[in-house]
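The primary structure of each chain is shown beneath.
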Amino acid sequence: MASLLQSRTPSLSFSSSLCSTPVIRPSVSFLKPRSGPRIPVVRAKIREIFMPALSSTMTEGKIVSWIKSEGDVLSKGESVVVVESDKADMDVETFYDGILAAIVINEGETAPVGAAIGILAETEGEIAEAKAKATSQFSSAPAPSAPKVEESSPAPKVDAPSPPVDAAPAPSTPGKVVATPYAKKLAKQYKVDIGKLVGTGPFGRITPEDVEKAAGITPAPKSNVAAPAAPVASSAPASVPSKAPSNFPEIPGSTVVPFTTMQAAVTKNMLESLSVPTFRVGYPIATDALDALYEKVKPKGVTMTALLAKAAAVALAQHPVVNATCKDGKSFTYNSNINIAVAVAINGGLITPVLQDADKLDLYLLSQKWKELVEKARAKQLQPREYNSGTFTLSNLGMFGVDRFDAILPPGQGAIMAVGASKPTVLADKDGFFSIKNKMLVNVTADHRIIYGADLAAFLQTFSKIIENPESLTM
Amino acid sequence: MQSAISLSLSSPSTIARSDCTAAAAANSYICTPRSLRFCGLRREAFKSKSFNSLSVSTRLLPCSRNSSFKKVCAALQSNGAPSKGEFDYDLVIIGAGVGGHGAALHAVEKGLKTAIIEGDVVGGTCVNRGCVPSKALLAVSGRMRELQNEHHMRSFGLQVAAAGYDKQGVADHANNLASKIRSNLTNSMKALGVDILTGTGTILGPQKLKFGKGGSGDTIITAKDIIIATGSVPLVPKGIEVDGKSVITSDHALKLEFVPEWIAIVGSGYIGLEFSDVYTALGSEVTFIEALDQLMPGFDPEIGKLAQRVLINPRKIDHHTGVFASKITPAKDGNPVIIELIDAKTKEPKGTVEVNAALIATGRAPFTQGLGLENINVQTQRGFVPVDERMRVIDSTGKLVPHLYCIGDANGKMMLAHAASAQGISVVEQVSGKDHVLNHLSIPAACFTHPEISMVGLTEPQAREKAEKEGFEVSITKTSFKANTKALAENEGEGIAKLIYRADTGEILGVHIFGLHAADLIHEASNAIAMGTRIQELKFAVHAHPTLSEVLDELFKSAKVVSSSHVAQPVAV
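Chains A and B, in that order, give the protein sequences.
Last residue of the first sequence: 475 (the UniProt record's numbering), numbering continuous.
Last residue of the second sequence: 573 (the UniProt record's numbering), numbering continuous.
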């Protein structure tokens, strides 16, 4: 039970003196010696190819490229895979004859030393068994049957001339070549059976686009395995919603409920938000003072929402850039008013009533205004300017016990604040004394075209100072 | 010692370039002209330098500077009357490529009355249809590749919007470069007084030849010595129809008249590889067709394998190996280019490839027709002129033809521009009375892909074969660009350098480099081979930090030379 593989090329700066006849090289410890429990593997004549240890400091290796593909017949001594260690890239060769039944770790992926990276079968009959082993062992590996699922659906009905028809039945013969080099590479990458495609390129050849098209409608499980598939999906966000339903296999017994107008509007806004480069900054804030104040003003009809909106508005007044908007991608639009939109969940939808001039109104007026807005929202009587004039959004899920979350920036605004629950937290002060204080986490998502990390950090610092010394809010 | 120093300070170029005997007493190592010249650019520099150093006497008469210069030149270099009155010229060179040019300049320096015959354009293949314009295209492709590699740019913190190119602009760059180098070459010869004779040169008999447009208008001249330097043309195997549009050779490809969507390149040697770099950078997809079982034959197998991983596999390239393109039909009547493949060994049909264009890069054939070799009983072998190790032409009876030499691609010894030039210089050394044998193993070769490949001396299998025959032990050591600071700063850590050497003597047998600026790095090794410098001496050489040259520094330092034989310690001066 020794090593299956041995490198041919010694590592970096490795100096060897060899005679003309190849002599055994100082064998780097390639493979973990497997013992007892592994014996069934041998009986089945299915061998695992392990990630070799190419240097003493190597703990994991990256597969640079598989020189052989699944199904290739390997003979002893042939290079099979190129592994990148912490020091150099090395070819790794097989110690056994056999068939490369399955690739477990794909190109570009990393595996710890000793992990199975591929499965070697001795005969063709064992390939299926080896593949099963590969899937059971490495659950996220692409299911070998995946390409078959595609067969029925993808082929676009194009009445192409005969060449593609000729090509289809004879993919194994090195005869007619109708796919371009890049198309073939992509097909291998996406595991698309090129013989099943109909070429739309000149002379009926299969182009890279044809393969991408076929790969784009592959079943969902693939996308979380094959990294390259992900960018394909995200690069065309606009087309996703229309395509999405057809992409997913239908599960029997499910019901389809169309979006309400409000839900459709949310969907539209959410998709639009994908075009904005956002980033997030979180900040922990002690709320003991705020809580104390809240207890004091609660009888006067002041809500927590109003307190937070007021605090945000006061902080925004000092940081106008966070209240700004990037409308055309080329300029800042500084808003003269500070209008705090507050996200409210209503009847399965989501709406953001706006507290206009929140920095100017006093806390009590603000609270009263908020009550009116919520009532109007429930009655679906909000005027457009009462829900779309926000310059900054506040979203609070603290009442559910959520300690932190990540909000999506609504289009047309520069930043949105997500407020978590205030929770008792053990704190150590600089003198080493422990105390318990209430703390909440706020997380602001902002448009990085106009608001940079330092802007947001400074804004949050101001905001936290206001929350920690909330007396000014009542003035 | 004093005099040597003062001399070299006052006119360095004169010492370096003048006849050995003159300066030998002063300092013998300066005057051994062993370096290889390439495309004559250094001669340009020399010309102006010698002008400066010689113009001291004429400085007070600025208006007559030109004429004095000529006089001084003539006096110094004496391209005047032939040494013996019976010949028109001391040396006539047929072909004004890089080889002929190098020979001509060296001949003038040696005081020979020299003429060069050119039937086409000065500069030959290298300058007009080869290394020079292809470097212009590769300079473009290298930048395109870099700009298109968003990941690479981002790792520098650079943001680049979609890079594009203007095909005509690229083509113009190549063309302008060729004409600039061509005029440099022409001027350097004119300035030294080499007679440039226009027309086709034909050998009529011993020491006698004619030149002209053919027919009766030809001029007959005599020369003490004749050098054939007629070069080569692209080799087009039979069955392949070159139409210059969809089926092309490197001659057409360098004009970059169109960038096909998909091009098949027949042959994966230097030329094919360089063009694959250009075409893929400009957006084409490439299919290699290689008769041998491995891509990149001729390279050290290990380097070839690594190069394939970097230059072929990640790019839009696929390949068919072990097949011949038995028939290539150009695109016409709405059909693509059709390439019929047969197995290289069994000759069985292996299907067809349909592409937009095909580039024939199967090698180069010597251009030796019409030279009149039959007049002196010389028979070419597959077109090549047979020569001995001193480039002396051998006739069909196996005897040397007196006063006739052949250099460069026409003799097929080593089909590289700088090899031709080195051979030319070697011949001039001989005809001016000093025996000289060029060590071809010291001639470096480079492939200007991104990154570059370079080599000098033997490959590992060649070295092992030699070791077996001669009974010594071959040692190998390697260093990686990944460990080099400068390479990492450039984000170009991909690459290795490999040293093949004799552990018992420290002799360098071969050096192979694949990595950033490999073509520039090889010369430390090639010079060491040419000078016979041993590794144990090279280990003491100092390299500036941080530079790519440290890759070689590390390479030499990692070599283990077992011999305890005397090593010349560097002496402080």
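Keep in mind the hints are simulated off the structure, nothing from the lab.
Just to be clear, a hint being listed does not mean it is correct.
[As the list claims (entries may be wrong)] Have a look at the derived ranges for each label pair, beta carbon to beta carbon:
(1) B/Phe156 / A/Arg404: 33 to 39 angstroms
(2) A/Glu109 / B/Glu468: 39 to 45 angstroms
(3) B/Thr547 / A/Phe332: 44 to 50 angstroms
It should be emphasised that the depicted structure is a prediction, and the values quoted were computed from it without experimental measurement.
Cβ coordinates follow ideal geometry from the N, Cα and C atoms, glycine included.
Hint check results:
The given range of 33 to 39 angstroms is respected by B/Phe156 and A/Arg404, whose C-beta atoms sit roughly 35 angstroms from each other. In this structure the hint that A/Glu109 and B/Glu468 lie 39 to 45 angstroms apart at CB holds, the actual value being about 42 angstroms. Hint check: B/Thr547 to A/Phe332, Cβ distance near 46 angstroms, so the stated range 44 to 50 angstroms holds.
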